[in-house]
Each structure stands twice: as C-alpha cells, then as structure tokens.
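Undergrad: Here are the chains, one letter per residue:
Number of protein chains: 2
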Amino acid sequence: MDIVKELNKLIHPGRISTAAAVISQHNHDASYHPAANPDVVVFPENTQEVSAVLSFASEHGVPVIPFGKGSSLEGHAIPYEGGISLDLGLMNELKTVGDKDGHVVVGAGLTQFQLNDALKKHGLFFSVDPGAEATLGGMAGTNASGSYTVKYGTMRDNILDMEVVLPSGEIIHTGSKAVKSSSGLHLSGLFAGSEGTLGVITELTLRVYPIPEASVAARAVFNDFEEAVTAVVRLRTAGLDLARIEFVDAASVAHVNRFANASYIEQPTIFFELNGEVEHLQHQIKRMEELLKPFHLAEFLTETDQTSQERLWDARHNLAYYYIQAAPTKRMLVTDVCLPISELADSILHARQAVEESGLEAGIVGHVGDGNFHIIAMADFEDANEVTAAKQLHKEIVDYALAHDGTCTGEHGVGIGKKSYQSKEHGTAYDLMRTIKQAIDPRGIMNPGKLVD
Amino acid sequence: MDIVKELNKLIHPGRISTAAAVISQHNHDASYHPAANPDVVVFPENTQEVSAVLSFASEHGVPVIPFGKGSSLEGHAIPYEGGISLDLGLMNELKTVGDKDGHVVVGAGLTQFQLNDALKKHGLFFSVDPGAEATLGGMAGTNASGSYTVKYGTMRDNILDMEVVLPSGEIIHTGSKAVKSSSGLHLSGLFAGSEGTLGVITELTLRVYPIPEASVAARAVFNDFEEAVTAVVRLRTAGLDLARIEFVDAASVAHVNRFANASYIEQPTIFFELNGEVEHLQHQIKRMEELLKPFHLAEFLTETDQTSQERLWDARHNLAYYYIQAAPTKRMLVTDVCLPISELADSILHARQAVEESGLEAGIVGHVGDGNFHIIAMADFEDANEVTAAKQLHKEIVDYALAHDGTCTGEHGVGIGKKSYQSKEHGTAYDLMRTIKQAIDPRGIMNPGKLVD
Numbered sequence: 001m002d003i004v005k006e007l008n009k010l011i012h013p014g015r016i017s018t019a020a021a022v023i024s025q026h027n028h029d030a031s032y033h034p035a036a037n038p039d040v041v042v043f044p045e046n047t048q049e050v051s052a053v054l055s056f057a058s059e060h061g062v063p064v065i066p067f068g069k070g071s072s073l074e075g076h077a078i079p080y081e082g083g084i085s086l087d088l089g090l091m092n093e094l095k096t097v098g099d100k101d102g103h104v105v106v107g108a109g110l111t112q113f114q115l116n117d118a119l120k121k122h123g124l125f126f127s128v129d130p131g132a133e134a135t136l137g138g139m140a141g142t143n144a145s146g147s148y149t150v151k152y153g154t155m156r157d158n159i160l161d162m163e164v165v166l167p168s169g170e171i172i173h174t175g176s177k178a179v180k181s182s183s184g185l186h187l188s189g190l191f192a193g194s195e196g197t198l199g200v201i202t203e204l205t206l207r208v209y210p211i212p213e214a215s216v217a218a219r220a221v222f223n224d225f226e227e228a229v230t231a232v233v234r235l236r237t238a239g240l241d242l243a244r245i246e247f248v249d250a251a252s253v254a255h256v257n258r259f260a261n262a263s264y265i266e267q268p269t270i271f272f273e274l275n276g277e278v279e280h281l282q283h284q285i286k287r288m289e290e291l292l293k294p295f296h297l298a299e300f301l302t303e304t305d306q307t308s309q310e311r312l313w314d315a316r317h318n319l320a321y322y323y324i325q326a327a328p329t330k331r332m333l334v335t336d337v338c339l340p341i342s343e344l345a346d347s348i349l350h351a352r353q354a355v356e357e358s359g360l361e362a363g364i365v366g367h368v369g370d371g372n373f374h375i376i377a378m379a380d381f382e383d384a385n386e387v388t389a390a391k392q393l394h395k396e397i398v399d400y401a402l403a404h405d406g407t408c409t410g411e412h413g414v415g416i417g418k419k420s421y422q423s424k425e426h427g428t429a430y431d432l433m434r435t436i437k438q439a440i441d442p443r444g445i446m447n448p449g450k451l452v453d
Numbered sequence: 001m002d003i004v005k006e007l008n009k010l011i012h013p014g015r016i017s018t019a020a021a022v023i024s025q026h027n028h029d030a031s032y033h034p035a036a037n038p039d040v041v042v043f044p045e046n047t048q049e050v051s052a053v054l055s056f057a058s059e060h061g062v063p064v065i066p067f068g069k070g071s072s073l074e075g076h077a078i079p080y081e082g083g084i085s086l087d088l089g090l091m092n093e094l095k096t097v098g099d100k101d102g103h104v105v106v107g108a109g110l111t112q113f114q115l116n117d118a119l120k121k122h123g124l125f126f127s128v129d130p131g132a133e134a135t136l137g138g139m140a141g142t143n144a145s146g147s148y149t150v151k152y153g154t155m156r157d158n159i160l161d162m163e164v165v166l167p168s169g170e171i172i173h174t175g176s177k178a179v180k181s182s183s184g185l186h187l188s189g190l191f192a193g194s195e196g197t198l199g200v201i202t203e204l205t206l207r208v209y210p211i212p213e214a215s216v217a218a219r220a221v222f223n224d225f226e227e228a229v230t231a232v233v234r235l236r237t238a239g240l241d242l243a244r245i246e247f248v249d250a251a252s253v254a255h256v257n258r259f260a261n262a263s264y265i266e267q268p269t270i271f272f273e274l275n276g277e278v279e280h281l282q283h284q285i286k287r288m289e290e291l292l293k294p295f296h297l298a299e300f301l302t303e304t305d306q307t308s309q310e311r312l313w314d315a316r317h318n319l320a321y322y323y324i325q326a327a328p329t330k331r332m333l334v335t336d337v338c339l340p341i342s343e344l345a346d347s348i349l350h351a352r353q354a355v356e357e358s359g360l361e362a363g364i365v366g367h368v369g370d371g372n373f374h375i376i377a378m379a380d381f382e383d384a385n386e387v388t389a390a391k392q393l394h395k396e397i398v399d400y401a402l403a404h405d406g407t408c409t410g411e412h413g414v415g416i417g418k419k420s421y422q423s424k425e426h427g428t429a430y431d432l433m434r435t436i437k438q439a440i441d442p443r444g445i446m447n448p449g450k451l452v453d
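Respectively, the protein sequence lines represent chains A and D.
Everything in the first sequence is counted per the working numbering, starting at 1 for the first residue and increasing by one.
Everything in the second sequence is counted per the working numbering, starting at 1 for the first residue and increasing by one.
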C-alpha cells in the first residue's frame with residue numbers, strides 16, 4: 001500500500017510531506033536518543049482530519065506518532081517503527097478565554113509561550129512552565145511540570161477537559177468545564193501522561209490564574225552544598241507560600257554566568273519566588289530570612305524589579321541549553337527522579353557523589369520544592385566509555401529513587417528513556433497499564449514502543 | 001455452591017456473617033434508593049484476605065460490593081445483584097504520619113473524623129470534608145469533596161498512592177510517595193472515582209496540611225436571593241484566598257436554627273472561611289467587606305472564636321440530617337450538579353424556580369466556590385405524585401447543568417442515581433469507560449450495576 005497516496009484522499013496534499021528536510025525535523029527530539037525517520041509527516045488542520053488519519057491508520061496498522069515541538073527529553077516523538085508523524089502545529093488556536101471561569105480552550109498545537117503572550121492582556125497567566133517551548137498537547141501527553149508546580153500543580157492538575165481522538169477515529173471529551181466532577185471514570189487524568197499511546201489530544205480546556213499583584217525573587221547563596229540541600233527541606237516544610245524554589249549547583253551557576261552574561265557567585269544557590277499581595281510578601285520574606293539564619297549564607301538578596309526577575313528565571317529555564325552550548329560535540333542525558341521531601345537531602349548528596357564518580361561533565365538542578373531534581377550530564381555518544389558512564393549514572397540515580405519511595409520521572413515522562421524502569425517502579429500495576437493500552441489501542445498503532453508495550 | 005462454606009475456608013468464620021441485623025446494615029445507604037440484601041457480609045482484616053475473597057469471587061462470578069460506612073447518597077454500596085458485601089471497617093489503621101512529607105498512610109476503613117482526631121496532635125489536618133462520617137476508601141471511591149475543596153482540592157487531588165486489589169486478586173500500587181510523577185499511566189486518578197467497579201481500595205497515601213496559624217469565619221446575610229448568588233460569583237472571581245465559601249438559602253438557615261439551636265437571620269446567607277497568617281487574614285477580610293459593599297446586606301459578621309466557628313461549620317455539615325429530622329416519614333433526594341462559575345448565578349436562580357414549581361419541601365445549599373450546589377428535597381416515596389415531582393426536579397436540574405457545560409455530579413458520584421445521565425454527559429467517552437471496565441473486570445464482579453455496565 002502507498003501510504004502517501006491513501007493520505008492524499010483524506011488530507012490536502014499540501015499538508016502531507018515526505019521532503020527530506022521535513023522528515024529530518026520529525027526524526028529526533030531534544031535528547032540523546034537516536035533519530036529515526038517517519039515515512040511521512042502530516043499536518044492536520046482540524047479534529048476531523050486527525051480522526052480521518054487515525055481511522056485509516058487503524059484499518060491498515062500504520063503507526064501514528066503525535067508531534068508537537070520535538071522538545072521531549074525521552075524520545076517520545078521519535079518514530080522508531082516509521083509510520084505517520086502527526087504534527088499538530090497548525091492546530092494552535094486560542095479558542096476561548098473564560099475570564100470569569102479562569103480557564104482557556106486551546107488547540108493542542110499552541111505553545112506555552114504563545115498562550116502566555118496572549119493571556120497577558122487579560123491579566124492572566126498559565127502556570128506550567130517546562131524550560132522548552134513545548135506545545136500544550138505535548139505537555140499534557142507527558143504530564144509536564146516546571147518551576148511553578150510547587151504552588152500551581154502539574155499539567156494534569158490544570159486540565160479540566162480534553163478533546164481526544166481515539167485510535168478508532170472516534171472523538172471524545174475527557175471531562176467538562178466544571179472545576180470538579182465525580183461523574184464517570186477520570187479520563188482526563190488517564191490521557192494526561194499517556195504520551196500519545198492511547199490517542200491524540202486535539203484540544204484542551206486549561207485552568208489559568210490571575211497575574212499576582214506582586215512578586216519577589218530571592219537568591220540564597222550557600223558556602224556548602226550540604227547546607228543548601230538541608231535549607232531547601234527546612235523551607236519547604238515550614239509552610240511558606242513559595243511559588244518557586246529551585247536549587248542550582250555551583251557548576252550550573254557557572255554556566256548561567258557564562259551564557260546569560262550574569263555574575264552570580266558560583267556556589268550552590270537556591271532561587272525563590274513568592275507572589276501575591278505586597279504586605280503578604282514582605283511578611284513571608286521576613287520569615288524566610290529567619291528560617292535561613294542558622295545557615296552560613298554567602299549572600300541573600302531579594303529582587304522586586306520585574307525585568308531582573310524575568311532575567312533570572314529565563315537563565316534558570318535555559319540552563320539545559322547552556323550545557324549543550326558548552327559542549328557542542330556531546331549530547332545531553334538528563335535524569336528526572338522525584339522523591340518524598342524527607343528523602344531529598346540524602347538523595348541529592350548521593351547524586352553528587354554519583355556525578356563525581358562518573359567523571360562526566362554534569363550539574364545538578366531541580367524543582368526541589370516538589371522533591372524533583374535533574375542531573376544534566378553531557379556525554380560523547382561516540383565514546384563507549386562515556387556512554388557507559390552516562391547510562392550507569394542514570395541507573396544509579398533511578399535505582400536510588402525507587403528504593404526510597406520515589407519515581408523515575410517527575411516531569412519528563414517515560415518515552416523510551418525510562419521504559420526499562422517501568423516494571424521495577426510499578427510492579428504488577430505495569431501489567432494493568434498494558435491491559436488498558438491493549439483495550440484502547442488493540443492494533444497498537446499509537447506511538448508504538450513508548451511507555452507501555 | 002454454598003458461598004459461605006467456601007468463604008469459611010478463606011476468612012475466619014467470626015468475620016463472615018449472614019445474621020439478619022448485619023445483612024440489613026449492609027443493604028442500604030443514606031439515600032432514597034431502595035434497599036437490597038447481600039448474600040453475605042465479610043469483614044477482611046488485611047489486604048491478603050481481600051485478595052483471597054476477590055480471587056474466589058472472580059472464579060465463581062460472585063458480585064463483590066465494597067462497603068465503608070454506608071453514607072453514599074447514590075446507592076453505591078447497595079448490593080442489587082446480591083453477592084458479598086465487603087466491609088472494610090476493620091482495616092482502619094493509621095499506619096504512617098510523615099510530618100516532613102505532609103502525607104499519611106491509612107487503611108481504607110479509617111474515617112475522615114478518625115483521621116482528623118489522630119492528626120491534631122501532629123498539628124496537621126486532612127482537608128476533604130463531606131458531611132457524613134465516611135471512610136477514606138469510600139471517599140476515594142466516589143472522589144468526594146466538601147467545603148474545603150475550593151482551597152485544598154478534591155479527594156483525587158489529595159491522593160499520592162493507593163493499594164488496590166484487582167478483581168483477579170492481584171495487588172497493585174497506583175502511584176508512589178513522590179508528590180508528582182510522569183511515570184506510567186495515572187492509575188490513582190482512574191481508581192479514584194471508580195466507585196468500586198474496578199477493584200477494592202485497601203490502603204491510601206494522602207496529602208495532609210499544617211493546621212493554619214489562624215482562621216476567621218464570616219457570615220454575609222442578604223435581603224435578596226439573587227443578590228446573594230451574584231455576590232458569590234463576585235467574590236469567587238476576585239482572587240480572594242477563600243478556604244470555604246458556602247451558600248445556604250433561607251429555608252436551610254431555618255433548619256439550622258431549629259435543630260442546631262441557633263438564631264441566624266433566616267435569609268439567604270453566605271458562610272466563609274479564610275485561614276492563614278493573622279495579618280493576611282485581616283487584609284483579606286477588609287477586601288471582602290469592600291467587595292460586598294455594593295450589595296444590600298442585612299448583616300455581616302466575622303467570628304474568630306474557634307468554638308463558634310466549629311459550631312457554625314458543624315451546622316452546615318449537618319444540614320442534610322436536619323432536613324431528615326424535619327420530615328421523618330419522607331426520604332431525601334439530593335441533586336449535585338457542578339457548573340462553570342460563569343453559569344452559576346443563572347443556574348441557582350433556575351434551581352430555585354424549579355424547586356418552587358415542584359411543590360416539594362426543599363432547600364438549596366452549596367459549595368458555590370466550586371460551582372457545585374445541592375437541592376435537598378424531601379419526598380414521600382409512598383406517594384406517586386411526590387416521587388414523580390422529585391424525579392422530575394432532579395432531571396430538570398441535571399439537564400440544565402449538562403446544557404451549560406457542567407456535570408451531573410460534583411462530589412456524590414454516579415452509583416445508580418446518576419447512571420441514566422452518563423451517556424448524555426459523556427457521549428462517546430462513555431463507551432470508552434465501558435471498554436476500560438470490561439478490560440479490568442472481565443467477569444463483571446465488581447459492584448455490578450453502578451457507574452458503568
């Protein structure tokens with residue numbers, strides 16, 4: 001069968017491509033995982049077209065791989081079994097801004113940055129902020145989170161409803177526009193984080209928030225790695241109303257200085273944000289200073305100027321790119337474990353030791369308010385020793401997290417990179433996930449090889 | 001086959017009962033739904049016993065109906081096809097209080113009141129507060145919520161992990177103790193709200209919160225129903241940090257006065273709670289007063305005394321029981337729609353008109369901060385006219401909610417009472433729910449006849 005010829009009957013030929021440049025845009029992501037070409041890339045304009053493609057693919061057993069911006073760190077959008085790369089980029093409409101209801105309705109191809117640009121004039125913002133310019137459909141697919149998650153929750157927490165096209169081509173809604181519901185099974189939660197293995201998300205109804213009256217950024221610089229980690233736990237459990245609490249190690253501060261033209265002290269640092277009413281903020285900053293007194297700080301600074309704050313958070317978000325710029329011949333492997341807060345200090349100390357033993361160029365950063373941290377490790381994937389070291393480091397970090405009540409991935413998702421840990425993490429529940437996958441996608445066309453088999 | 005004889009091989013005979021008194025404790029719930037007897041009631045002591053019962057039931061096609069406290073309002077625990085009523089009451093251990101992690105591990109048979117009593121000395125509380133003394137397993141089963149949900153979320157939002165016994169007898173964990181995860185399919189969300197139709201919840205890891213530094217209750221009494229409803233929407237969308245925002249109509253205030261020995265003005269009233277730091281509270285109360293100025297209030301009072309506050313909230317929680325006490329020969333039908341906030345004012349005004357047209361004794365109350373409200377209607381179920389009126393009223397309210405982007409049940413769940421609305425609310429997604437049910441419980445032993453077929 002000639003797939004392209006068949007697709008031409010369903011979709012305007014101008015939105016179906018096998019051009020080498022288009023294929024290679026859709027054969028990789030932002031990670032170290034090897035590239036693999038799709039047979040064809042399709043750019044649907046609406047849900048009916050997605051439905052037509054899936055019906056066709058189901059009938060003929062053709063793999064379909066949803067594609068947003070290709071910013072995944074775990075190979076989610078790489079078509080290892082060929083087939084159709086379904087690029088949702090044209091379905092990027094901001095359909096409704098429900099000011100009173102605090103929600104928006106968006107096409108799955110809209111990116112988080114586009115959404116926030118559009119929301120500004122309504123005095124609203126969307127809170128889920130992974131570093132990359134990801135699409136909201138992709139972010140739902142991996143249950144993305146980010147620096148604001150400690151206050152505003154993950155992607156899944158902010159989804160009211162999704163329109164999803166099932167492998168059969170049937171179109172469903174997973175929820176409603178009510179902020180809570182006890183009706184039916186919780187399909188929004190099931191499809192969020194399903195990584196395109198159960199269907200294609202085409203539209204999302206998302207919770208958005210009023211831009212706070214004011215915000216303050218604070219920066220606490222420590223002389224000692226261990227003290228910094230202990231302070232994180234102290235602040236996290238003190239009940240402060242923190243909007244962001246980010247740990248950055250000395251190596252990573254050095255990268256910020258180099259690539260973001262900054263001059264922060266190159267020592268373990270915690271970046272905070274508090275937001276809300278001005279009086280409330282002042283009170284909270286005071287409490288934070290008191291809580292930090294027992295520690296030996298090299299510096300404690302607060303920043304109320306909006307531009308300086310944005311510059312700081314941009315630098316934090318861009319950290320992964322700085323590591324890539326610093327080692328252009330290497331590729332990036334990022335760990336993503338998340339542990340209970342009580343296990344966090346020990347686990348980051350363990351991670352630092354593992355990094356040192358690996359001999360790799362690497363830094364530790366993290367959304368530590370949630371117990372989630374990353375090792376950004378650069379390795380030459382042509383060098384067998386470095387590859388072994390990187391994979392060994394990854395395994396060591398995940399094994400530690402699983403042995404201490406944690407998870408192998410806090411926000412990046414499973415894709416192919418965490419798949420070998422699924423059985424260990426979920427035990428018999430992984431069989432149940434397979435049962436669900438098999439029931440919803442019996443032909444196995446949806447993003448084969450990712451998350452579950 | 002003699003079920004009891006077979007069960008005797010698995011469970012100590014002292015915890016298997018067919019005594020009339022025990023059967024009749026397990027043949028009804030707190031609603032108007034007709035009673036039906038189980039064949040036998042089993043009281044497992046641990047997860048292995050639950051597993052043994054389910055393996056046996058699966059093999060022989062015997063229905064299993066999980067039972068907590070029987071406080072359901074939609075017939076969830078009534079065994080309409082006979083079988084085994086599985087009473088989790090003995091599995092009520094508080095296993096872990098993770099102070100640093102802000103979570104607890106509990107047996108499914110522990111009640112919300114028992115949990116909160118035990119947490120007090122740790123300076124912690126559990127936030128999900130339906131009116132009844134429900135078990136935490138039952139509350140997870142229906143995705144319960146309550147007056148604190150506007151600030152702290154629903155049951156599902158507060159579950160990190162559950163131990164669940166599948167129909168096959170296999171034991172799984174649905175999550176981990178990390179506060180966020182992108183690993184695997186979201187089984188915690190799927191089993192929360194599945195109403196015992198997919199398996200038996202035996203243990204839960206739940207998020208708990210520090211008891212706030214201070215709290216203030218406020219009471220705004222309106223001269224006019226319409227103004228009260230408009231004020232709710234105004235306050236809700238102003239970004240105030242409200243912990244509770246409860247609307248109570250005049251008829252319901254009258255019931256509170258009569259049965260809780262109070263003397264509130266018998267007019268439409270909003271009860272609030274704000275909690276947090278003292279300074280923050282003062283500022284918020286001031287803002288609330290400003291926002292309420294344009295309305296013609298009969299009274300605005302704040303209450304900082306803890307005992308008075310508790311008395312007020314107990315009265316609110318007990319409202320349904322007051323209606324039952326006031327009409328002891330009648331039975332209670334409670335609607336439970338939830339709509340987007342922008343639709344709330346019109347929907348409550350519509351509800352009031354529908355109540356008046358029904359001729360039934362009824363009141364309107366609600367967790368209006370979430371868009372969720374209830375009509376508590378009393379009807380004589382021996383009187384065909386009253387039954388028709390009650391069912392017509394229910395249908396009218398649900399149809400209105402579904403036509404305005406809402407849901408038929410915000411917190412009580414589907415059971416048998418909302419089942420006829422599932423297809424209309426979920427459309428083709430209801431077929432998918434059936435597919436999932438069929439995949440996980442192919443013999444259909446788990447709580448047959450509820451939620452999905």
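Keep in mind the hints are simulated off the structure, nothing from the lab.
Do not take every clue at face value.
[As the list claims (entries may be wrong)] Short derived list, chain A residues pointing at chain D, Cβ under 8 Å:
| hint | residue |
| --- | --- |
| 1 | GLN48 |
| 2 | ALA52 |
| 3 | SER194 |
| 4 | THR304 |
| 5 | ASP305 |
| 6 | SER342 |
| 7 | LYS419 |
| 8 | ILE440 |
Ideal placement from N, C-alpha and C gives every residue a C-beta, glycine not left out.
Undergrad: If a hint holds in the structure, say so; if it does not, say that too.
TA: Status of each hint after checking the structure:
no. : hint   : result
1   : GLN48  : 14 Å, violated
2   : ALA52  : 16 Å, violated
3   : SER194 : 6 Å, holds
4   : THR304 : 19 Å, violated
5   : ASP305 : 23 Å, violated
6   : SER342 : 4 Å, holds
7   : LYS419 : 10 Å, violated
8   : ILE440 : 7 Å, holds
The structure does not agree with the numbered hints 1, 2, 4, 5 and 7 stated previously, though it agrees with the rest.
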